[in-house]
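> Sequences listed follow chains D and E, in order. Residue numbers for the first sequence follow numbering that gives the first Met the number 0, beginning at 0 and rising by one. Residue numbers for the second sequence follow numbering that gives the first Met the number 0, beginning at 0 and rising by one.
Source of the hints: derived by calculation from the structure; they are not laboratory data. By construction, the Cβ of each residue, glycine as well, lies at the ideal position given by its N, Cα and C atoms. One should not assume that every hint holds.
Restraint ranges, calculated between C-beta atoms of paired labels, are given here [stated by the list, open to error]: (1) 48/D / 106/E: 32 to 42 Å; (2) 7/E / 31/D: 33 to 43 Å; (3) 6/D / 69/E: 53 to 63 Å; (4) 104/D / 5/E: 49 to 59 Å; (5) 34/E / 77/D: 37 to 47 Å; (6) 131/D / 134/E: 31 to 41 Å.
Each chain is listed here by its residues.
There are 2 protein chains.
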Amino acid sequence: MSTIDRRARRHEATRAEIRTTARALLVERGPDAVTVNAVARRMGISGPALYRYYASHQALAGALGADIHADLLMHLNTCREAGADASPGATLLRLGHGLRRWALDHPEEFAWTFARPTSTGSSLSPDTAGEDFEAVFRHEFETLWHTSRFPTHAPETLAVGLRAQLEDYVRRSGTSLPVEAAHIFLSSWMRIYGHLCMEVLGQLDFAFTDPGPSYAQCLDELHAQLHPQTESRPR
Amino acid sequence: MSTIDRRARRHEATRAEIRTTARALLVERGPDAVTVNAVARRMGISGPALYRYYASHQALAGALGADIHADLLMHLNTCREAGADASPGATLLRLGHGLRRWALDHPEEFAWTFARPTSTGSSLSPDTAGEDFEAVFRHEFETLWHTSRFPTHAPETLAVGLRAQLEDYVRRSGTSLPVEAAHIFLSSWMRIYGHLCMEVLGQLDFAFTDPGPSYAQCLDELHAQLHPQTESRPR
Chain D
0 MSTIDRRARR
10 HEATRAEIRT
20 TARALLVERG
30 PDAVTVNAVA
40 RRMGISGPAL
50 YRYYASHQAL
60 AGALGADIHA
70 DLLMHLNTCR
80 EAGADASPGA
90 TLLRLGHGLR
100 RWALDHPEEF
110 AWTFARPTST
120 GSSLSPDTAG
130 EDFEAVFRHE
140 FETLWHTSRF
150 PTHAPETLAV
160 GLRAQLEDYV
170 RRSGTSLPVE
180 AAHIFLSSWM
190 RIYGHLCMEV
200 LGQLDFAFTD
210 PGPSYAQCLD
220 ELHAQLHPQT
230 ESRPR
Chain E
0 MSTIDRRARR
10 HEATRAEIRT
20 TARALLVERG
30 PDAVTVNAVA
40 RRMGISGPAL
50 YRYYASHQAL
60 AGALGADIHA
70 DLLMHLNTCR
80 EAGADASPGA
90 TLLRLGHGLR
100 RWALDHPEEF
110 AWTFARPTST
120 GSSLSPDTAG
130 EDFEAVFRHE
140 FETLWHTSRF
150 PTHAPETLAV
160 GLRAQLEDYV
170 RRSGTSLPVE
180 AAHIFLSSWM
190 RIYGHLCMEV
200 LGQLDFAFTD
210 PGPSYAQCLD
220 ELHAQLHPQT
230 ESRPR
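Only chain D is shown next, with the shape it has when bound in the complex (with noise of 0.2 Å):
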């Protein structure tokens, strides 16, 4: 191994412990112990070697915010594989209740990466943004899209603006979904991720004590929504 090469590797294992620091304080002591000074004063290290390896909180902040999102990821792809067998129906579920689970066991993670006001400054690097996150939960939409379909609206009833940036997403994304189903899948997308934001953010303490059976009934709705056949539609 050259010389380089050696200093690459050891620039990169620096790197990762920095980031595993920056997380134990997250863990510990909350987003406003993440700082680079507490970072380095942890590691026995001087504020401005570290900046060697982050250029900015903000760098760190997003170095950190990847990380977690990784472990997110993982943790949905272990879900949708414990089921691989199962229909693309009975993966959504399980995906939803994972999702929620990872966010309950990981409360100040979630609230870094994916819960937190971004006029406080972004936590998420630009090539950590929500893309692959949400398409775990997409692609099962599109499996069950072109072996069954579901219900939509049609495109024209959709509000004016929408349509548009609809196409534009289906686009970028590169869906198989069409503009009415990936329509649905957006809707669903917010009714699950809403629920667990307004849950992180303490705005359902008002009407429930445990948020969870609430959830459960909303991933059930929409699961009713996409299987017609077996819905229990409200009366």
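Following the hints, complete the assembly by docking chain E onto the known chain D.
Chain E alone, transformed into the frame defined by chain D:
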């Protein structure tokens, strides 16, 4: 006026000035700028002097949250009164759009009070909990329910554990909605508020450049669900 009265008034006036200053800091420089020392500095008093008015950062944050909460409530009441002779359904649409408009016009305040992870230290004191805020919307659901009903799920189809919590919510909130209608109210509330949270948290950027039309579509779909005679449900 007695000396005690004058003192009490002066005390209240200073407390109000502290909250106004804290809010200005929030709007101008973001949530991290709202510290007891920063507020004191801007007012030209010492940190310890400020603690005579608000005993902790949390007390100050809670009082600021209460002010913001009261402002949003006033805005929603204005929205409602602007269409005093409209149907409950039309008023709900107006309130839904009014809620988002206020949130976008006051991003820092909305994030501070209504979209902040509770794990980072609650910014709401108990007396400013969500009750009044969701009750503005619930009131219209109650009017609608008692004039024309809306479709519900049969109570016995609700998820295990959800029904008991709904019964509890109905009891605590004093709403005249039965359990199955309270479920529709809370589900609808979570859809619009969840959509708004996701927008404010930047969690819709992967799909929409402007989440406005999607939000409008969501309100329209909820309106249709509440008014089946004019509805355009998924085919």
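> Taking the hints in turn, state whether each one holds.
Hint-by-hint comparison with the structure:
1. Between residue 48/D and residue 106/E the beta carbons are some 36 Å apart, a value that agrees with the proposed interval 32 to 42 Å.
2. Range check, residue 7/E to residue 31/D: Cβ separation about 35 Å, and the 33 to 43 Å hint holds.
3. Look at residue 6/D against residue 69/E: about 59 Å separates their beta carbons, and that is inside 53 to 63 Å.
4. For residue 104/D and residue 5/E, the hinted distance range of 49 to 59 Å is satisfied, since their beta carbons lie about 55 Å from each other.
5. The beta-carbon spacing between residue 34/E and residue 77/D, approximately 42 Å, falls within the hinted interval of 37 to 47 Å.
6. With their beta carbons about 40 Å apart, residue 131/D and residue 134/E fall inside the hinted range of 31 to 41 Å.
Hint compliance for this structure: every hint is met.
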